[in-house]
Structure formats: C-alpha cells, structure tokens
Amino acid sequence: MSHHKKRVYPQAQYGQTPVQQPMAPLNANGVYPPGGASSGVYPQMQQPGESQQPLQQQFFTPVQQQLNQQIDQTTVALENMQLHNVPVVDPNAAFYQQQQQAQMPMQSQVNMPVQSDGMHARGGKAMNQLYPVDLLTELPPPINDLTLPPPPLMVPPERMIVPSESSNASPDYIRCTLNAVPKTNSLFKKSKLPLALVIRPYQHLQDDINPPPLNEDGLVVRCRRCRSYMNPFVTFIDGGRKWRCNFCRLSNDVPMQFDKTTSGVPSNRYERNEIKHAVMEYLAPKEYTMRQPPPSTYAFILDVSQNAIKTGLLATTTRTLLETLDNLPNHDDRTRISILCVDNSIHYFAIPLDEESDQVTMMDVCDLDEPFFPRPNSMVVPLNACRNNLEKLLNQIPEIFQFNIMSKFALGPALKSAFNLISGIGGKIIVVSSTLPNIGIGKLQKRNENGVVNSSKESAQLLNCQDSFYKTFTIDCSKSQITVDVFLASEDYMDVASLSNLGRYTGGQTHFYPGFSATKLTDVTKFTNEFSKHLCMDISLETVMRARGTTGLRMNAFFGHFFNRSSDLCAFSTMPRDQSYVFEVTMDDSIVGDYCCFQIAVLLSLNTGQRRIRVITVSLPTSESLPEVYASADQLAMTAYYTQKAVEKAGSNLEDARDYLNKTVQDILSVYKKEIVVSNTAGGAPLRLCANLRMFPLLMHSLTKHMAFRPGIVPSDHRAASLNNLESIPLKYLIKNIYAKVYSLHDMPDDVGLFDDNGEIILPKPINASASLFERYGLYLIDNSNELFLWIGGDAVNELVLDVFGIGDIFEVPIGKQELPFVENSEFNERLRNIIAKVREHNDVITYQSLYIVRGASLSEPVNHASAREVATLRLWATSTLVEDKVLNSESYREFLQNTKMKITK
Amino acid sequence: MIQSTLIYRDDGLPLCASVDDDATGLLSEQKKKIKMVVSRMTPQSATEATLESGNYEIHYIKPSTVIYFVICEKGYPRNLAFSYLQDVAQEFQHSYESESAKPNVRPYAFVSFDNFLQKTKKSYSDKKVQDNLDKLNQELVGVKQIMSKNIEDLLYRGDSLDKMSDLSASLKASSKKYKNSAQRINLELLISQYAPIALVALFFVFIIWWIFLRG
Chain A
1 MSHHKKRVYP
11 QAQYGQTPVQ
21 QPMAPLNANG
31 VYPPGGASSG
41 VYPQMQQPGE
51 SQQPLQQQFF
61 TPVQQQLNQQ
71 IDQTTVALEN
81 MQLHNVPVVD
91 PNAAFYQQQQ
101 QAQMPMQSQV
111 NMPVQSDGMH
121 ARGGKAMNQL
131 YPVDLLTELP
141 PPINDLTLPP
151 PPLMVPPERM
161 IVPSESSNAS
171 PDYIRCTLNA
181 VPKTNSLFKK
191 SKLPLALVIR
201 PYQHLQDDIN
211 PPPLNEDGLV
221 VRCRRCRSYM
231 NPFVTFIDGG
241 RKWRCNFCRL
251 SNDVPMQFDK
261 TTSGVPSNRY
271 ERNEIKHAVM
281 EYLAPKEYTM
291 RQPPPSTYAF
301 ILDVSQNAIK
311 TGLLATTTRT
321 LLETLDNLPN
331 HDDRTRISIL
341 CVDNSIHYFA
351 IPLDEESDQV
361 TMMDVCDLDE
371 PFFPRPNSMV
381 VPLNACRNNL
391 EKLLNQIPEI
401 FQFNIMSKFA
411 LGPALKSAFN
421 LISGIGGKII
431 VVSSTLPNIG
441 IGKLQKRNEN
451 GVVNSSKESA
461 QLLNCQDSFY
471 KTFTIDCSKS
481 QITVDVFLAS
491 EDYMDVASLS
501 NLGRYTGGQT
511 HFYPGFSATK
521 LTDVTKFTNE
531 FSKHLCMDIS
541 LETVMRARGT
551 TGLRMNAFFG
561 HFFNRSSDLC
571 AFSTMPRDQS
581 YVFEVTMDDS
591 IVGDYCCFQI
601 AVLLSLNTGQ
611 RRIRVITVSL
621 PTSESLPEVY
631 ASADQLAMTA
641 YYTQKAVEKA
651 GSNLEDARDY
661 LNKTVQDILS
671 VYKKEIVVSN
681 TAGGAPLRLC
691 ANLRMFPLLM
701 HSLTKHMAFR
711 PGIVPSDHRA
721 ASLNNLESIP
731 LKYLIKNIYA
741 KVYSLHDMPD
751 DVGLFDDNGE
761 IILPKPINAS
771 ASLFERYGLY
781 LIDNSNELFL
791 WIGGDAVNEL
801 VLDVFGIGDI
811 FEVPIGKQEL
821 PFVENSEFNE
831 RLRNIIAKVR
841 EHNDVITYQS
851 LYIVRGASLS
861 EPVNHASARE
871 VATLRLWATS
881 TLVEDKVLNS
891 ESYREFLQNT
901 KMKITK
Chain B
1 MIQSTLIYRD
11 DGLPLCASVD
21 DDATGLLSEQ
31 KKKIKMVVSR
41 MTPQSATEAT
51 LESGNYEIHY
61 IKPSTVIYFV
71 ICEKGYPRNL
81 AFSYLQDVAQ
91 EFQHSYESES
101 AKPNVRPYAF
111 VSFDNFLQKT
121 KKSYSDKKVQ
131 DNLDKLNQEL
141 VGVKQIMSKN
151 IEDLLYRGDS
161 LDKMSDLSAS
171 LKASSKKYKN
181 SAQRINLELL
191 ISQYAPIALV
201 ALFFVFIIWW
211 IFLRG
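Which chain is which? The protein sequence lines are A and B, in order.
Residues in the first sequence are numbered consecutively from 1, following UniProt numbering.
Residues in the second sequence are numbered consecutively from 1, following UniProt numbering.
No wet-lab data here; the hints were simulated from the structure.
Each hint should be verified, as a subset may be incorrect.
Result set (BS3-like, lysine-lysine): computed pairs, CA atoms no more than 25 Å apart in a straight line [unchecked claim]: (1) A:K192 / A:K520; (2) B:K35 / B:K102; (3) A:K479 / B:K177; (4) A:K765 / A:K663; (5) A:K260 / B:K102; (6) A:K286 / B:K32.
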C-alpha cells in the first residue's frame, strides 16, 4: 500500500530521530514518558515542565550551538512566538531550503528549557509558516504538489494523552480544509476560505485490510452533555476520577470499569484503544441495538427486455453473478438473495431449499399497479441453503428469455415489489438495466436534447429528475434500510439524471456503461470486473453517521450519497466502502481554546452480525492570524468541497457552477493580496498565493473543464453520470479525475515498468497535462481515474510501434477501446503492460479503467481513412483531459491566471 | 403460525432472534414487550408460561439461564408451541451452552442460530408435519398446568404496586405535616385564650405591690 501516506509530523516532537547532542546532555531523555506505566500510576498527572522537554530537541552541531548561545543572549527578552517549534521537516520539499535558513534562530531555544516553558505558558504555539509564491512565474505548475500530504496538523504531543502517530486521525480518514481553524467568525469570513471535512470512514473494499483497533469489552464512555466519545484529546482531572470533554468542556465521571478488564482485573487505562488511537472501533453494547443485525440481503432486478438480450447484458450479468456467489459477503452464513426478472411483467422465482426440491418455479405477474407475491416465503432465499438451485436458475435465465421480444421495462413496479419483498429485513436492491423504464409507475421519456444542450436551460430540462417517483421512493427505502444500486449499460438514452436519484439518497451508487455491447471483450471485462467487485465489497447495514465539533462549530451541510434524517444525522441503509463524504462546517461562536476537535461517529452492523461504532477524532490548532490560516489550508480538501458545491449549483445552471468556481479563485487570490501580501512589490506585480495553495487555482480551473461542467455539447447521460460520480468519489481519485495523470512512456527511465525491491511496479513520474509537452513521435498514458488513454504520436517511428503493438505500420494499429496486445520478445511491451496493470490496480474503489488507444495527428495520415471520424472524436476526447490547454473555446491555464489577475487588480 | 423466536439471557442480554418478515410493525411491538418482560424477570419467576398479548400469544420456557420466547398467532396449539421451544432450547444448549454463559458475550452474538430457527419454524408450519406432531405431542407435553396470563397484567402489576407504595408514602408525609400543624394551632389557641387573663392578673399584682408595698 504505497499510497498510504501518514500525516507528516515535525520529527522533533516525538523524538523519534536519534539526535546527536554532544554538548547538551540536558535533553537526553527526549522520549516522551510512555503511557505503559504500571497500573494505577497516571503518567499524565506530571508536572507541566516535564512534558514539554522533548520539544526542545533540535539538530545542531557544536559550532552552531556556540553561535546559538550567542544569539540566545540577545533573544532572551525577545518574544517572537512564531519561531517556536517550527517543524524540522516540512512536507513541501520545495521550501526545504528556506526552512533550513529559518531554523537557525530557532535553535536558540535548545538550551533554554525554562525560558521556553515560560513562553509556552504565554500561549506561543507552533504553526505552519507561510511561503508566498508567484503563480505566474511557476508555469507550468509543479504538479508534484498534488500528491503531497496536507499541511501538518500542528498539535503538540502534550495535547494528547498518549502521543503517538495514531493519536490524531490520519488524513486518509478525515481531512479538514483548514488545518488551522480561525478562532472567530469574522476572521473566518474575512479569509473567504471554506471550512469543511472530507470524510472517508472506510479505506478498503474488504474490511480485513488494516482494520482499526477494536474495543470488545462493551464499555463506551461518552460525555453526558454533548454525547461525544472518549478520545485521545480529553483531559483527566481530579486525580483521574473525572475527565473533561474536549468538545463542550464538561467534566464527566470516569466509570469504575474504565481501569479494569472485563474479568475485573485492574488494567492500565493508558493502554485503552480510545485513549491511544484517534481512529478506533467499539463493539456496541445492547443499548445501541434496536433489533438483531439483519442478514445482508441482495434483491436483483434484471432487465430481460429485448434490448438487454440484444446487448448481451443479461447473460453477462447472470454469468458474473454466478461466479461471484462464492465471494458475496456471507460471513455469518445468513446472506439472502432474491431475483426478479422484469420486462412488461414481473417474473418472480420461487426457489426451494436444495434439500427439498430442485424445481425452481417461475411466476409471472402482469398486474403492474398492484403487484402481488405469489409465494412470499420462497422468494427471498438463504444463499447457503439454496446454492444449487440458485446456480441452476442463473444458468437458465438467459435461456428462458433468449427470444424475448418485449421492449418494455417496468422498473417502477419492480422496485416496489422488490421493496415489499425485503422491506422487513432491509438490504440492497441492485438494478441491472439496458432499457429506459417505459411502463408503469416511474415511466420515463426520452428527452429531446436538441436546442437545449449547451444553453442555460440544460440543467432544468435535461439534468433534473423527470419523475418524482425516483425521489419519493427513496424516502421509503431509507425507512426500511434499503439501498438501491443501479447499473445502466446501453447504447441508448437511459436518463441517468433521473435514475441516479435512487442511489443518491439511499447510500447507493449509479454506474453507467455507455455503448455497452457484450460482443466487445473490453466492455464485458469492465462490466464484469466492476459488477463483481461491487458485489464482493463488504457493506455495513443500518448505518448512521454523525459529526460533532467543539462548541462553536456546527455541521450545516452534508454532501454525498445518503439520507439526511435529522439536522445532523446521516442515514445509510447500507454503507458502501468506495465512497467519501463532505460535511460543511459553520462557526456559530468564537472558539475559546487553542485547539478544536471534530469527531465522526459511525454506528453500523457488519455482515458478521456484529454491531459496531467507529469513532474518528481529529484535533486541529486554532488561530487568530490570517497568514496562519492560509498557511495551513489544504488545497485538495478545498477542491473536494468546492466540487460538491459546484455539483449542487449545476443542478440549477451549469454556467453558474463555472462562474462560482472562477469566482472562488478570484476571491481567495484577492483576499490574499489585500490581507497578506504586505510588501509593495515593484515591477510586474506578481500573482501571489501561498505555496500550500498553489495547485488550487489550477484544480478549480480544471474543474470548469471537467465533463460535468464544461461548456459545449456533452450528451446529457454522460454529464449526469459524471456529476453523480463527482458526488461520492474518494479524494485521491477526485483529484486525478479533475487533473489527469499523464505519463510519458517513450522516454521513461530504464527501471520504470519493472519490479522494485518490494515487488511493486515502478511508475514513471507524471508530466503536466498539456499537449505542448507531447512530442509528435512520443507515447503517452493518460489516467483520469475513469479511463486510460494510450496516446501514440502520429509520427512515431516504426520501431516503437512494432515494439508496442507488434504491428509495423502505425495506421494499421487498431484504435479505440482496446487492450494492449501481447508482443512476444518485446521487453518494452511487457513493461507497458506492467504499468497499465499497476495503474488499474485499486483495492479501494471498484473502477476498472478501460484502455483507449489514440493516434495523434500526422501529416502523412491518409486523408480519407475509413475511421477518420472515429479517430477525430477519440482525439478530441483524449485532449479534453489535457486541462492546462485551450480545449475548444475555453481558456488555457496561463490565460486563466492572467485574466484572474486583471480582475482582482481592477 | 409461529411468528418470531427470541432468545435472551436472564440478565437481559439478547442472544439471538429470528429474522421475520414484519412489514406491518406489529411484531416489533410484541418484541418490545418481551424485552420488558425479560427485564422484570426474577429467579422466582415461573420457568414456563404463556402470555396473552393482543392478537398474539407469547410462550416462553426458561430451562436454565437462557430464556426462549416464541410469538405465535392466537389459537396456535400451545402444545406445539412448547414442543417447538423445547426443540430450539435443546439445539441451542447443544451448540452454544458454554459460550452463552460467558460475561463478555456481545448482544446477538449467535445470529447464525437463525438458520436453525428458520428450518424448525418451517417444519412446524407444514400442515402435514403439524398434524403428526400434534398427535405425538398430545401426550408428551402436558401443557394444561402451564399457567397462562395476560401480558398487560404482568407488565403493569409491578406498576400498580409502585403506585401503591408511592401513595402510602405521600399519605405518610402529609399526615406528618398535619400533625405538626395541629400542634401549632393548639398552641396558638392556648396563647390567645389565656394571655389576656394572665396580663390582667399581672397588672393587678403590680398595682397591689405598688399601692401596699410602697406605702
């Protein structure tokens, strides 16, 4: 898991680095007193001075120290708080040089623990420093920044009960847009920066990968007033008999069992998971269970109308399902399955237990208004007990319907009857369809796109929900703990905009496969891979999620796929593992303390029959100064937030959404210019922004060129599908989706594409997404997290083409959706295939990226080539991912910056 | 018809419950009542009983520390219900007896037992099987002596006792208050009655002393 990045902490804080201190044995015991002291002894009740000692650890040489001591004499009286404990290691390597210089005076604190303690008492606290850069001189933008972790959370170890790396939540789980939260609302308003949390409670599709620590003793300690859970940032007072809540400051009693194991043996409270880890789980005691955790239930609605037979979707689905039965989450052996086939009537299947009979009965119900159940007891069946009959049925379904000529598809009635089937238990309804629902309740019409696309009416007429059934139905689903997932695969219009509402409010997802045909191997591979990964993914049932913040901070808007039940309770009928959520925070009141906290609590039932509470707590410093707030802003989390806002705005008008994104950049740049840039720089008036935000304008600008928002003609199904995708895509993939990763392959170093020492494939360094960097003879791979484009320059030499495709003539190379052919005896081809396999490998989302082979333009290109149109379309599509360039009539990134600068200097 | 099965430990911890098709929500009401019954059970409670509750009958047996409940529709043969409970209890004891007694058992730890419950329930719902079982069990289980009660009585009898003790306590308090105030009033009466006479007498004594003793 190379992508698992830890938040970078200043090394000196934990004393993890062996420190050379030849002349100052004073701080030799720089390691923080461990929590594992013998029982009954509370290491936290120590004198304040002791706990701050490790902070004084710094690197220095004897010569430096001498120099420092001299400086000390002069700085004793100096109260320059900014200089304390600035991180020795800065995440941005680019500033490392400046950092080194900045450290010189800082080391003056080394020998002066007493003096420095005094300063701490007066409130000096280490914060991230601001490094101004000029956006216009940094072109092309340094895209390496996109992979950096967010600015470190400057929370000193004495704020945590047992300091360690896992005492504060990792940015994988939760990222705040501001890693230094403004203390007052006026400062917050002035900054024009957003305050929001980007939350991903689960990191992997399967729960057994890196699970957080679990408390099994059933003791859940919570604050009496604000109901927050015990976490590493509370304080024990009154000799450890009470604890002060870090959210509402109320002092609570510590329960007797807290220092005991379940068998009553005294134990060390500092070894407890809720004290040591910011991300942990409880096994929920019976107060948290309304009813017995239900079995995971999957009800499949399969489209068996003519279109689904023709495209081969039905056969593909049943085959995939058959192969996946073994891997469906079934840890408690209770998983249940129901299958409904639907055309203009609903075909139910009564599946008997294996031991009783092997006769599966099909029952057709044509009454769509009030569909009844012929045999309610044997239509939702346990997977284990009916395994053979289910397999038999799945094998038969394509045969039964192979000559079906019905062109109608009654989705609405089918949804209602599937709902009635499983409403007592809850679970998932999975719709696989290739036909627009055209009969019964929830009937949809093909919308006329002519004259509406690319106009201000587009959102209102093409991207809204056509039939309110798809919204009202989700309310019932949420009540009955039912999620709807939709897989749409068709060449025709499917009205993704209406159907995506089913997943949006029930914790589900909509997957769209345009132009699907089972005759194309690549289509089948993609669908099969994603469908089976989706089914195998672990799910939590009956899930609710709530976020709490320090007094003064309140969640006020929630983005993602779930149902917002009451003011701040988000209900998921089932919680998938491949989505992330954004919560917007408002500031009702000024924050009193120097640090504030957020806590996410997720109450859920696992497929194993366990009910658990996952608690994620993050502590952030607060600040009264605008530069500090700017220096700690997280550009990627901000992008996630603004993406959600823009998707929301796109519901009424796409133009508004684009303007909103541009306006955001202008606002932030002008605030920065007005409030933070102090010097009256002469000559050339640069466009200043701090280094940790320097990718932000680029990302916002690229977002306006994203398929979801860009002006121009985009088929409304594609538009709706990508808007839907943006709502829930995890941050890592979101960034790649906005700004594609481009690898230059013809000139890659020798080790790229081969295995490194850890057995991982080495990937090349990405280059900027701009066609100006493309050589006419080059080979490039573009990865936008949904598709992969292999771009071969039109003038590529024959040797390269032969090496890559095994064909000598570039014009003979098959283009479009293809797999890279296997070429014998070509090391280059093997390395390429390795790279593509590596890029496609995900264990936290279900996406399987199709590869498109695209040929660049060339002068020697035959003019009247048969596939000339296809080539042109593909080329246009591939170049639309190169977001730094002018795409059609949009501006390039450089122009965008210049225009923005003009607007803010006005 | 057997509607639902619930297995509790006598300290109120739910161990297992059958997954039911309860679209109307009537069953969940019954389940809530069972939860209350469990919380009020004492070691002295009957080890087997039938509780009437609305349109349902709840039967339970308590062979050891584990209590087995079944919710049936009214009119379902009692002997069948109890023989069902015996079957369930036997299988549960056989599979999970030692585990279920441990102190750190989580709620609904034995969900997989549901598979057995479903199977048994099915065999008891089958008409033919039912008839056979019926005959067979007629003699085996003498259900006549098992007491039958209304659940409301059971649940609210405790309540009326509570109310009674509340009432007597308040009676006691108010009578005490009455006693105090009566004493006070008596005293006041005494004072208002004799104070003027005493004053006049005192005045005369003073006059006599003033006239005679001065002279």
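Taking the hints in turn, this is what the structure says about them:
1. Of the pairs offered as hints, the one joining A:K192 and A:K520 is violated, with about 50 Å between alpha carbons and a cut-off of 25 Å exceeded.
2. About 21 Å separates the Cα atoms of B:K35 and B:K102, which keeps this hinted pair within 25 Å; it holds.
3. This hinted pair does not check out: A:K479 and B:K177 have alpha carbons roughly 55 Å apart, beyond 25 Å.
4. As the CA atoms of A:K765 and A:K663 are separated by approximately 32 Å, the hinted pair breaks the 25 Å bound.
5. Among the hinted pairs, A:K260 with B:K102 is consistent with the structure: their alpha-carbon atoms are about 17 Å apart, no more than 25 Å.
6. Only pairs whose Cα atoms come within 25 Å are accepted, and A:K286 paired with B:K32 is accepted, the gap being roughly 14 Å.
In this structure, the hints that do not hold are numbers 1, 3 and 4, in rising order.
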